[in-house]
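Listed in order, the protein sequences are those of chains A and B.
Numbering follows my numbering, in which position 202 of the first sequence is assigned residue number 202; successive positions increment by one, without gaps.
Numbering follows my numbering, in which position 153 of the second sequence is assigned residue number 153; successive positions increment by one, without gaps.
Keep in mind the hints are simulated off the structure, nothing from the lab.
Idealized CB from N, CA, C, for every residue including glycine.
One thing to keep in mind: the hints can contain errors.
[Said to hold, decoys possible] Ranges of calculated distance between the beta carbons of each label pair, as one might list FRET restraints:
no., chain 1, residue 1, chain 2, residue 2, range
1, B, T229, A, I75, 39 to 47 Å
2, B, T13, A, E181, 17 to 25 Å
3, B, D146, A, L25, 20 to 28 Å
4, A, A96, B, A188, 43 to 51 Å
5, B, S185, A, K92, 37 to 45 Å
6, B, T229, A, S176, 50 to 58 Å
7, B, F89, A, G26, 18 to 26 Å
8, A, G60, B, W195, 53 to 61 Å
[Unchecked claim] One-sided and incomplete, this derived list gives chain A residues near chain B with beta-carbon spacing under 10 Å:
no., residue
9, L22
10, C28
11, G155
12, G187
13, W191
14, F216
15, R240
16, I243
17, P245
18, G256
19, I260
20, L264
21, V274
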Amino acid sequence: MSISLSRPMSLAFSLPAVIAILPFLGACFYIFRFSISAEKGVIDGYSIQAYIDLMTPFFGRSVWLTLKLAFVATIIAMMLAVPLAFLLTSLKSPLARRCLTVTILLPLILNLLVQAYGWILLLGPSGVLNSALKALGIIERPIFLLFNETGVLLGLIQTSLPLAVFPIVSSVRGLSQEHLEAASSLGASHWRTFVDVTVPLLRPGLVGAASIVFAFNASAFAIPLLLGGRRVQMMGVAIRDMISPLFNWSGAAAAGMILITLTLIVLVFSSWLVRVTSEKVRG
Amino acid sequence: MRVGLLPTEGNSTYRFTVLLLATIGILISSLPVIVVTIMSFSASDNTGFPPPDLSLRWYWDVIAMFTQEDANSAQSVVDSTVTSLLVAFIVMIISTIVCIPLAYALARGDRRIRDGMELLFTLPLVFPLVILGIAFLLIAESLRMDIGIWRIVIPHVALVLPFVLRNCIGAMNGISVETEEAAISLGASPLRAIWDVVIPLMRAGILAGLIFALIISFNEFTITFFMYTIDVSTLPIWMYSRTVSSLDPSTLALSVFIIVADVVLIVLVDKLIAGRANLF
Numbered sequence: 001m002s003i004s005l006s007r008p009m010s011l012a013f014s015l016p017a018v019i020a021i022l023p024f025l026g027a028c029f030y031i032f033r034f035s036i037s038a039e040k041g042v043i044d045g046y047s048i049q050a051y052i053d054l055m056t057p058f059f060g061r062s063v064w065l066t067l068k069l070a071f072v073a074t075i076i077a078m079m080l081a082v083p084l085a086f087l088l089t090s091l092k093s094p095l096a097r098r099c100l101t102v103t104i105l106l107p108l109i110l111n112l113l114v115q116a117y118g119w120i121l122l123l124g125p126s127g128v129l130n131s132a133l134k135a136l137g138i139i140e141r142p143i144f145l146l147f148n149e150t151g152v153l154l155g156l157i158q159t160s161l162p163l164a165v166f167p168i169v170s171s172v173r174g175l176s177q178e179h180l181e182a183a184s185s186l187g188a189s190h191w192r193t194f195v196d197v198t199v200p201l202l203r204p205g206l207v208g209a210a211s212i213v214f215a216f217n218a219s220a221f222a223i224p225l226l227l228g229g230r231r232v233q234m235m236g237v238a239i240r241d242m243i244s245p246l247f248n249w250s251g252a253a254a255a256g257m258i259l260i261t262l263t264l265i266v267l268v269f270s271s272w273l274v275r276v277t278s279e280k281v282r283g
Numbered sequence: 001m002r003v004g005l006l007p008t009e010g011n012s013t014y015r016f017t018v019l020l021l022a023t024i025g026i027l028i029s030s031l032p033v034i035v036v037t038i039m040s041f042s043a044s045d046n047t048g049f050p051p052p053d054l055s056l057r058w059y060w061d062v063i064a065m066f067t068q069e070d071a072n073s074a075q076s077v078v079d080s081t082v083t084s085l086l087v088a089f090i091v092m093i094i095s096t097i098v099c100i101p102l103a104y105a106l107a108r109g110d111r112r113i114r115d116g117m118e119l120l121f122t123l124p125l126v127f128p129l130v131i132l133g134i135a136f137l138l139i140a141e142s143l144r145m146d147i148g149i150w151r152i153v154i155p156h157v158a159l160v161l162p163f164v165l166r167n168c169i170g171a172m173n174g175i176s177v178e179t180e181e182a183a184i185s186l187g188a189s190p191l192r193a194i195w196d197v198v199i200p201l202m203r204a205g206i207l208a209g210l211i212f213a214l215i216i217s218f219n220e221f222t223i224t225f226f227m228y229t230i231d232v233s234t235l236p237i238w239m240y241s242r243t244v245s246s247l248d249p250s251t252l253a254l255s256v257f258i259i260v261a262d263v264v265l266i267v268l269v270d271k272l273i274a275g276r277a278n279l280f
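Chain B with its partners taken away, still in its complex shape (with noise of 0.2 Å):
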C-alpha cells in the first residue's frame, strides 16, 4: 500500500485544498508571463485588455530596434544587450572556473574547512542586494579609478557563486573515491586524476552550473541599477529606463524574447541534473 501525499482517490476535503491551493500557486507563478505574452501580440498601441486585434506588429519593432540605428537614444539597445552578454559571459567562465577546484576541496578535505567554506559562499544568497548593491557603489566610487565592464562582473560573480556551487558540489557527491583511487593506482598523478577522471564525471553539474550563473546574471537588475553608467549599462536597465513612465507593447514583445531564452535554459539545466542534485 502506498499513501502518497496527495491522495488520488475520493473527493475528499483534503485532497480539494491541496490541489486549490497548488493551482493559486502556479497562477501567481505563471499569470503574470502568460499576460505579457498575450499582450506582446496585440495590435494596438495601449495595453488595454483584452487586445482588440492580434499582430506580429511588435516583433517587428523589436527586430527593426536591433538592426537600425536610432540616433536618438542615448544608449542603444544593442549596446545594452552586448554588454549583458559579454558579463553574463565573463560571470559564468569566472565563477565555474573557482568552483571546480573549490568543489572538489569541499569533498575530500577536512570537515571543518568545508563548514566554514559552505557558510562563506552561502553568505552571498541571504545578503540584501540594495546594500551590496550601494556597497559596490561606494567603493566603485572611492577608487575613482574607470573599470569598465568589470564593475557589473565582480558583484555578479559574487551573487551567482552559491549557485555555481551548490550545483559543482552536487556533482561531486555522485563521484566515489574508488575511480579516482583506480586512476592512481593505474600510474595517474593526483592532478592528472582530477584533470581526466573527476572533471569529466562533473560535467553535466559544471554545465548546469555555468547555465546558472548565465542566466542570473543576465536577468540581474538591482545590483546592476546601482553599478551602471552612461557606458556600461545592462539590457534590464535599458527596459527599466525605457518604461519608467509608460509600458510600451514593444518592451513586451523583447520580454517574450527573454521569456523564451530563460525557459529553453532552464529546461536544459533541469535535464543536466535532474534527480540527482537539487535546484538550489
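The following block holds chain A by itself, in its conformation from the complex (with noise of 0.2 Å):
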C-alpha cells in the first residue's frame, strides 16, 4: 500500500492556493492588456501606442540606469556573498551561525524605510561617515553620497545581499568535501582550489543566486525612491511618476512589461546558462 493522491484529490487540496493566488495572475493579466489599451486612463480598443510613446531618450536612459546599476549591484553583492556563505557554513558555534544569520536576513524582511534611514543617517551631509572623515581632517566639505547612484548602489546592495547569501549556503553544504580533499592532496593551493574546483561546482547556485539578485535590485523601487530622491530614476520609479503627476496608466502599464520582460529575459537566460553548463561538467 502506498498513499499517492489521485489527481482529482490533489487539485482539490491545491484549489484555495490556487484562488488566493488568482488575484495576482489576474494582476499580471491586467497590466499586460492595459498596456495595449488604446485609450491613456481606460482599457479600451487595442493599440501599440503606448509602447511608441516610451521610446524616448529619458525612458531609454532610465532603462541603461536600471541595468547598469542592478549589474554593478549584482556584481558587488556576489562577491560580498560568497564569503559570507563560506564563513557562515564553518561557523561551529551554533549562536554565531544564528547571529549571523539573523544580521544577514534582517535587511531583506526589515521595513525599507528603516533602512533608509540608517542610511540617509550614515551618509548624510551630517552623518556618520562625513563626520568621522572631517574629524579625521581627510575632508573639508562634507561629500554627497545620498540622492545619487552612490546610496542607491550601497541600499541595493545591502538588501538583495541576503537573496545571494542563502541560496549560495545550501549549495556550499551540497559540495562535496572530497572534491576539495582531493584537490588539496594533490598540492593545489587554497586559490587554485578555489578557482578551479569550488566555483566550478558552485556555478549552478552562483548563477542561479545572481539571477534572482539581479531581477530583484532591476525591480527596487522603495530604496531608489528613498536613497535616489528624484535624481535617480530607475525603472520603478520612473513607473510611478507616469501614473502619480501624469495619469499616464497605459504608459506606465507598458514601461511595466518591459521591466517585467527584462527580468524574465536574465532569469530564463540564467537557467539556460545553468543546464547547458551542468550538462558540460557532467559529459
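Using the hints, build the complex out of the two chains.
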C-alpha cells in the first residue's frame, strides 16, 4: 500500500492556494491588457501606442540606469555573498551562526524605511561618514553620497545580499568534501582550489542566486525612491511618476511590461546557462 | 583530514580576502540598523552624528504618541499600527490555511502537478513589486467597490505565499509515508491520518511559515504605497508620510521597536527550522 493522491484529489487540495493566488494572476493579465489599450486612462481598444510613446531618450536613460545599477549591485553582492556563505557554513558555534543568519537576513525582511533612515544617517551631509572624515581631517566639506547613484547602489547591495547568501549557503552545504580534499592533497593552493574546484562546482547555485539578485535589483522601488530622490530615475520610480503626476496609466503599464520582460529574459537566460554548464560538467 | 572552505590555520592571502569581504558584507548589512539604534538614544533634536548626549526622550515620545490622542494628524499612528497588525494577522492565517493542503498535495501527488505548481507559486517572488502595486491599484480603482482592509490583504497574501509554501513543503519532506500508512492500517481514514498525524508533525514548519507571513506583511512598503487610502493605511506608510520632508528622532525610536520585534521573530523562525530546511 502506498499513499499517493489521485489527480482530482491533489487538484482539490491545491484549490484554496490557487484561489489565493488568482488575484495575482489577474493583476499580471490586467497590466498586460492595459499596456495595449488605445486609451491612456481606461482599457479600450487595442494599440501599441503606449510602447511607441516610451521610445524617448528619457525612458532609454532610465532603462540603461536600471540595468547598470542592478548589474553593478549584483556583482558586488555576489562578491560579498560567497565569502559570507563560506563563513556561515564553517561557523561551529550555533550562537554565532544564528547571529550571523539574523544579521544577513534582517535587511530583506525589515521595513525598507528603517533601512533608508539608516543610510541617510550614515551618508548624509552631517552623517556618520562625513563627520568621521571631517574629524580625521581628510575632507573639509561634506561629500555627497546621498540622493545620487552611490547611495542607491549601497542600498541595493544591502537589501539584495540575503537573496544571494542563502541559496549559496545551500549549494555550499551540498559541496562534496572529497573534491576539496582531492584538490588539496594534490597540492593545490587555496586560491587554486577555489578557482578550479569550488567555483565550477558551485556554478549552478551562483548563477541562480545572481539572476534572482539581478531581478530583485532591477525592479527595486523603495530604495531608489528613498535614497535616490528625483535624481536617480530607476525604472520603478519612473513608472510611479507616470502614474502619480501624469496619470498615464497605459504608459506605466507598458513600461511595467518592459521591466517584467527584462527580468524574465535574465531569469530564463540564467537557467539556460545553468543547464548548459551543468551538462558540460557531467559530460 | 578536513579541508574547509575557510582555512583555519596560516595567514594566507586567501583566508584574509575571504574574511575581509565577509566583514564588509556584515558591515553593509548591519550598519544602517546599528546607526538607527544609536541615534534613537540621542538627546538632541537633530540627527547629526555623533549624538552629543544620550537620553530616552524619544522613546517617551513614542509612548506618548501611542497613548495620547493627537488631534493634529489626519491618520493617527495608533490607527495605522492596528491596521498593520490586523492585515498581517489575516494574511498569516489565510496564507497558512491554503498552503498546508497544497504542500501535502505537492508531496504526495503526481510529479507534473508538482512542477507546475512550484513554478506558479515562485512567480510572486520575482515579479516586480511596483508593477504589482500598480496592477492591484488599477483593479481596485476599476472595481469601484469599497473593500476596506482587503485591498491590502489580497496583494499581501500573494506576496507571502512563496515563503509560507516553502516552509510547509520543507516540513512535509521530513514526514515519511510510512507514518501515515501506519495510521491508516490502524484504521484511520486518510483525512484523519492527515489531521492527526501529518499536521502535528508539520507543526514547526507551519509555525515558521506563519511567522514569516507576519513579518513580511507587517514590514511591506512598496505594494501598500500604491494601495493605501486615507482610511486604510499601515505603519510603514505612516512613517513615510511623517518623514518625507525630514527625519525626526522619534521615528528612529519607533524604528527600534520594529527592529527588535523583527529580530525576535526571525530568531524564532531560525530556531523552528534549524538545520531542517532553508530559509527560502
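| So which of the earlier hints does this model not fit? | Violated hints: 12, 17 and 21; rest satisfied.
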